[in-house]
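Chemist: For the protein sequence lines, the chains are S and Z, in the order given. The numbering of the first sequence is the numbering used here, which starts it at 1 and goes up by one. The numbering of the second sequence is the numbering used here, which starts it at 1 and goes up by one.
Keep in mind the hints are simulated off the structure, nothing from the lab. Just so you know, these numbers come straight off a predicted model, no measurement behind them. Wrong hints could be hidden among the right ones.
A pair counts as met if it fits within one copy or between any two copies, since identical chains are not told apart.
Unchecked claim - Quick list of in silico lysine-lysine cross-link-like pairs, DSSO-like style, CA-CA up to 27 Å:
1) LYS100 - LYS235
2) LYS166 - LYS33
3) LYS335 - LYS166
4) LYS17 - LYS283
5) LYS56 - LYS259
6) LYS29 - LYS235
7) LYS115 - LYS255
8) LYS260 - LYS283
9) LYS195 - LYS259
10) LYS84 - LYS255
11) LYS33 - LYS115
12) LYS279 - LYS62
13) LYS235 - LYS62
14) LYS259 - LYS114
15) LYS199 - LYS248
16) LYS166 - LYS17
17) LYS55 - LYS279
18) LYS55 - LYS166
19) LYS248 - LYS55
20) LYS335 - LYS199
21) LYS166 - LYS195
22) LYS33 - LYS335
23) LYS248 - LYS166
24) LYS199 - LYS115
25) LYS56 - LYS283
26) LYS335 - LYS74
27) LYS162 - LYS335
28) LYS248 - LYS33
Number of protein chains: 2
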Amino acid sequence: MRIIICGFGVVGQSLVKLFESRSDELYTKYGFKPRVVAVFDSKGSAVEDAGLNLKKLNDIKKQFGTVKNYSKSKNTMNGIDILKNVDADVLIETTASNYKDAEPGMSHITMAMKKGMHVVSVNKGPLALAFPSLMELAIYNQVMFKFSGTVGGGTPILDYAKNSLKGERITSFSGILNGTTNYILTNMGTGVSYKDALKDAQTKGYVEADESLDLDGLDAAAKLVILANWIMGMKVTMPDIDCTGIRKVTSEDIKKASKKNCAIKLIASCDEKLTVSPKEISKDDPLCVNGTLNAIAFTSEHSGTQTIIGKGAGGIETASSILRDLLDIRQEIGKN
Amino acid sequence: MRIIICGFGVVGQSLVKLFESRSDELYTKYGFKPRVVAVFDSKGSAVEDAGLNLKKLNDIKKQFGTVKNYSKSKNTMNGIDILKNVDADVLIETTASNYKDAEPGMSHITMAMKKGMHVVSVNKGPLALAFPSLMELAIYNQVMFKFSGTVGGGTPILDYAKNSLKGERITSFSGILNGTTNYILTNMGTGVSYKDALKDAQTKGYVEADESLDLDGLDAAAKLVILANWIMGMKVTMPDIDCTGIRKVTSEDIKKASKKNCAIKLIASCDEKLTVSPKEISKDDPLCVNGTLNAIAFTSEHSGTQTIIGKGAGGIETASSILRDLLDIRQEIGKN
């Protein structure tokens, strides 16, 4: 399988490591042989039609902070150039999520689809702003579009709801979809002020460069858009979400909740309305998880409420989601 | 799809209700049209080659306590007679689990497989005592063997671990797999004595007729056998489980645990060893759920630990698991 990776941060590098360390097993068990033919990061590219040397690729990235130095010629092609000129089966889109215009991810994905490439995205921006139309574009071009890593990191929340609950009607769901705000609120629950809890989360590297994505609930809202489209068949985008972040949650609010055996969590929910906002939930509710954990509770018509809890982020975890998507694509291609 | 149902308790009746209430949707969405050609309960049978009238079937069962009265002739064929004489595609085995010889379920399942029928079992007995050989028999006879409802009731735990975590290596797991003992231990945590907690659970109908199945951990051990075989590829049966029930847990133990912010739960775990026994776990652990809830935490190589929580039993919930298995079979058959 010929693969182009756009964006080469922690997730991309973890994926390449997975390809390397598990290559024998992936081939014997799944008939899957990834050949990474091009990688693009913000400073340049590495391209090799016969497949890049994965160990060298990660070494170069670590040494120079960019894959540009992979070849002596210091390739400066950007993502679009690569997608135009390099032949591949799958685009893996891992550039940073942005909820203004979703670029450059949006252009990468649409260009790849138009060229007949399957797409795996862990970039939430394009999905949050244009899920319904991207889905149509994929269908029109008869390509597969996968995005397991966008919600729950390595925890296969989307697949669970779509496949494991097949034959069942999910009537509503709600969840803690952003680990950073959960970490801050959990710490506030132990008496730490909002300011100090935020600073602590920043020190630990949990907060996005644009802190608004976490604190104003945009990351949770983007995930809610993806869940609502994929699982509930809604056709919605970011503006459809009623979104409030955690900036106004006070220690006082949390103390008050605690007296009722409740905690305040940033809850994304889908019932009659789509909302993201801080809510009191019982500490006995399985949904009430602490630290950076994510959790989501699906309520279905016949099987009751089911809660899934896991780490919602992390390079290697998200890379394992991408790998699952690639194996799905491999399997589908194999059928033809 | 021609179906024989062996055993017709709450689960069987719930399934028939599901078939009835969702028949249009099941046909249009999945091309699935169940035709129940024979049903057997402990007192007799109902057989109709063109398919039984499902409403009448449930009405008769409710009125007479047996399906024998479905036809005037009062059919007294037992499960084996039916399997010998009635032609069908799938056996749904729902007779009571028994861990001594697994009968009559074991004979039903082996007979059906030898006749080339696919099998869906929610009866744990045959799987607990002979999982490896039943799997071989299914493969030898080229039939599908499904048992989603045996673990987690309506919560698709087996499917999650097998399919949603595809491409991932599960290294260990542990869980609360029996709702009855969880209910008793939870109540003991509020100061109720073992004796009173047990009585309360019995009054609510949570305890099996043979209380040993719950209290001595046999039910949890049977589920552990199924998980270990299916998910970890082990070839084990009941005698391989080191099993201790909850009879010796005292209020004193629970108080002591509580001082360390822990609860005592009956934990089934698979790491180097396969054990079922009461263990202290932190109340902050996502696994620490209360009441009759079940929970299981899978630890995988790359995606960290993921916990699934849901109702572990219930007629309609387990019936919805059977339905998912049938839809899987329908889909597989459709491929040929």
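Chemist: Quick check: which numbered hints come out false for this structure?
Modeler: 4, 5, 7, 10, 12, 13, 14, 17, 19, 20, 21, 23, 24, 25, 26, 28
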